[in-house]
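Asker: Residue numbers (this note's numbering), protein chains in the order written: chain Y, 8 to 430; chain P, 8 to 430.
Errors might be hidden in some of the hints.
Taking lysine-lysine pairs in the DSS-like style, the calculated list, with each CA pair at most 25 Å apart, reads [claimed, not checked]:
no., chain 1, residue 1, chain 2, residue 2
1, Y, Lys41, Y, Lys246
2, Y, Lys67, Y, Lys101
3, Y, Lys67, P, Lys286
4, P, Lys287, Y, Lys334
5, P, Lys72, Y, Lys72
6, P, Lys287, P, Lys334
7, P, Lys72, P, Lys133
8, P, Lys29, Y, Lys179
9, P, Lys29, Y, Lys171
10, P, Lys246, P, Lys287
11, P, Lys67, Y, Lys72
12, Y, Lys29, P, Lys72
13, Y, Lys41, P, Lys29
14, Y, Lys29, P, Lys41
15, P, Lys334, Y, Lys286
None of these hints come from the bench; they were simulated from the model.
Number of protein chains: 2
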Amino acid sequence: MIESRVMNSAVVAVGNELLIGKTVDTNGSWLSEKLTDLGVPVAGRWVTGDHPGSIQDCIKDALEKADIVIVTGGLGPTSDDLTRPAVADLFHRKLIEDPALVQGLYDRFSTMGYNSLPQRNLVQAKVPEGAIVIDNKEGTAPGLIIEDAGRVVILLPGVPREMKMIFDLEVKEYINSQFRSHLIPTLERTFNTSGIPESLLAEEMAGHTDKFPPDVSLAFLPGLQGVSLRITTPDTDGKGLVRLGLCEEVLMPVIAPHFYSMGATDIVDTLASLLLSAKKNLAVGESCTGGLISKRITDRPGSSRYFRGGIIAYDIETKSSVLGIDKQIIATKGVVSQEVASLLAERSTRLMNADFGIGITGVAGPGGGSSDVPVGKVCYAVFGDGRVHTFQKVFGGNRQAVRTRAAQAALFSFFQMLTNKLD
Amino acid sequence: MIESRVMNSAVVAVGNELLIGKTVDTNGSWLSEKLTDLGVPVAGRWVTGDHPGSIQDCIKDALEKADIVIVTGGLGPTSDDLTRPAVADLFHRKLIEDPALVQGLYDRFSTMGYNSLPQRNLVQAKVPEGAIVIDNKEGTAPGLIIEDAGRVVILLPGVPREMKMIFDLEVKEYINSQFRSHLIPTLERTFNTSGIPESLLAEEMAGHTDKFPPDVSLAFLPGLQGVSLRITTPDTDGKGLVRLGLCEEVLMPVIAPHFYSMGATDIVDTLASLLLSAKKNLAVGESCTGGLISKRITDRPGSSRYFRGGIIAYDIETKSSVLGIDKQIIATKGVVSQEVASLLAERSTRLMNADFGIGITGVAGPGGGSSDVPVGKVCYAVFGDGRVHTFQKVFGGNRQAVRTRAAQAALFSFFQMLTNKLD
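Could you put together the complete structure from these sequences and hints?
Answerer: Structure, rendered in structure tokens:
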């Protein structure tokens, strides 16, 4: 019996491709986030190769720190898939062929149009004696739960899609029902901001966080698309949501000028809602971002309802021939100028008969800079209702960073225009 | 003294953000790949939180399996950065302030325009007694090498840019010079293909791999941009390159129709070389990929020398108003048709006065499909020298997968046109 205390979890990721660094262990982080949300904090993670002794060592070490150990990977049908026998051996259990799993394999291959079952796959029907078998709707390796002396080891396939489906459909419910009284779910709320560096945002927040109730922690999460603030609280007393609400009241007035959305929302999602509800559409004229803004907008399904299209006027000839921007203006003001940004926005809007437009021009680097126009200098503009707002900034970082930051800045200014926050 | 035998390494990644799954441990895989290339196989990886006891446990466990342990993270200036004191304590060493590091911190902050040094940063000048200090040109946390009883623990910052720079500039050389006789570098060669599924490529390769010399292994690495084949061999006898050369002779004739580049090269790099040497340039007309092709081309510095620009004709109005594509053709042939793809390529080329053009139209999904035009159906065309080649495929996967695969397929066909492999 497990006492009424907080339980811990651990994750072991198995696979030679992980150890030689050719595959990034995204399963480990995915499981960590899910387990944390469920209220089973992760005490540690292990990454090991396809070697029975190493797999056993990791599970033993993990069981010293955790009550629930999830092992992902090494359940396939080939000779380098060794998790199943390693775990059976570790717990001194026989591997027994499960008739229902055998039947499932025959059915699966027959549905796929094969006349026979590859004999290799039969090992996937062998389970450690006494293990709980969890069906895998997406593949041939079932999930397996081994309960041993109050501890639990859960084996999941390494294919991310299969692992995620088994976890979401079955493992979550198993952990919830077996250990409910030990779980302390963490509640969280995330506020996304743009256009202000982490240090300045921290300064603006200082002097306000002392108004937060106890048991709430605040994290600053900086990225190329802005800084997110995450507040978290363990929901020990059922009042977690109230605490988060109190924090939000303190926080929002401070961050309002930089805030655009909550949670795992991209700014293009926020813009989509605004454009759809206003029944308006958008066009873009991109130079230095070279298609990135259009790509980000169209990453979202259904974007054809509010996105007319884009002109990637990457060289001066194209700016002139497609958008009719006067070469004289480019020569006198410079191709990286607020004037050209403004024309990119306005002419694209008119050419595509759109309601709004974004224009952007700059030096993404690493070459092409000068003392007047350094690498990272970007001018951008938003246009609509006959009005234009232009901006000029210098972004840091490499080419990819400059482009990502510049695209986000332009989208944020467009967000401000749509929400009437410009002048 | 370490005997003349193979050495192992291990990696410990430190940070609460890793354990709650909000940050993916990319440092671990990056270091694993570098260490493997260097000839120090990685025996295991650990991920732990910002807690001194856990950090120490992981390093102890790692030292049982490895001669060189790299710890990344927890070297920052704040109260939750605990790697430095945890390691000093583990090896019973005092933390001593390094005057040169203190001076470096003052200089750094003064260059950044600050009048004083935040006192918090001073902890970053404290090093475990006897440690080798490695300068960090990108940040305030130096790298630290602690040698102890023939084993080595190397502390690196968690910020990927800083960690990579310190590893590449200093750690690599340190390992090479200290342990040269124990290193068995793995040699590898990677062949990138496009347009053929993994299983078919494996079938085409079957019957050829038995001509490979021993000690060479072949891996199929499928991704959304195609399948790469990697051959690797341990260079124990100095004849590794010869073995790889023999494999290449066997492999190349088989994969030639699908091959476009070797190593870590994006197809846009290959296209850049071809266009630059031919002194030709390119324009694109994108519908379903919505800017992705233009973005990929302009991800590469210097692309303005061969990329005219793109027309993101995302809706029908734009196809008609900007590119003059007859709405009648769209109505009769369908917006997803080889005719429209062909017109997107040709009209974009002419409008931007380019030498070559790519056109693409399709249904990226998840909505918008029909029985005639299912989700994933994409038509694309390449145009140049007055000739056009059109293609039609159905790509699987979600919206992002369809768009990525479609963009790659179009770029691959353009590669085939430039290398005279079409018709």
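Asker: For each hint, tell me whether it holds in the structure or not.
Answerer: Taking the hints in turn, this is what the structure says about them:
Using a Cα cut-off of 25 Å, the hinted pair Y:Lys41 and Y:Lys246 holds, with the two alpha carbons roughly 21 Å apart. Proposed proximity of Y:Lys67 and Y:Lys101 is supported: the alpha carbons are some 19 Å apart, at most 25 Å. A C-alpha spacing of about 62 Å is found between Y:Lys67 and P:Lys286, which places the hinted pair above 25 Å, so the restraint is violated. Under the criterion of a C-alpha separation no larger than 25 Å, the hint pairing P:Lys287 with Y:Lys334 is consistent with the structure, at around 23 Å.
Annotation: proposed proximity of P:Lys72 to Y:Lys72 holds, straight-line Cα distance about 19 Å (limit 25 Å). For a cut-off of 25 Å, the pair hint linking P:Lys287 to P:Lys334 is broken: about 31 Å separates their Cα positions. Taken as a hint, the P:Lys72 and P:Lys133 pair is broken in the structure, with Cα atoms around 29 Å apart against an allowance of 25 Å. Pair hint P:Lys29 plus Y:Lys179 holds up; C-alpha atoms about 19 Å apart against a cutoff of 25 Å.
Of the pairs offered as hints, the one joining P:Lys29 and Y:Lys171 holds, with about 16 Å between alpha carbons and a cut-off of 25 Å not exceeded. Between P:Lys246 and P:Lys287, the direct Cα distance comes to roughly 41 Å. Violation of the 25 Å bound is thereby established for this hinted pair. Between P:Lys67 and Y:Lys72, the direct Cα distance comes to roughly 15 Å. Compliance with the 25 Å bound is thereby established for this hinted pair. For a cut-off of 25 Å, the pair hint linking Y:Lys29 to P:Lys72 stands: about 21 Å separates their Cα positions.
Restraint check for Y:Lys41 and P:Lys29: satisfied, since their Cα atoms lie roughly 10 Å apart, inside the 25 Å limit. Proposed proximity of Y:Lys29 and P:Lys41 is supported: the alpha carbons are some 10 Å apart, at most 25 Å. At roughly 24 Å between alpha-carbon atoms, P:Lys334 and Y:Lys286 fall within 25 Å of each other, so this suggested pair holds.
Of the hints listed earlier, those the structure fails to meet are numbers 3, 6, 7, 10, in rising order.
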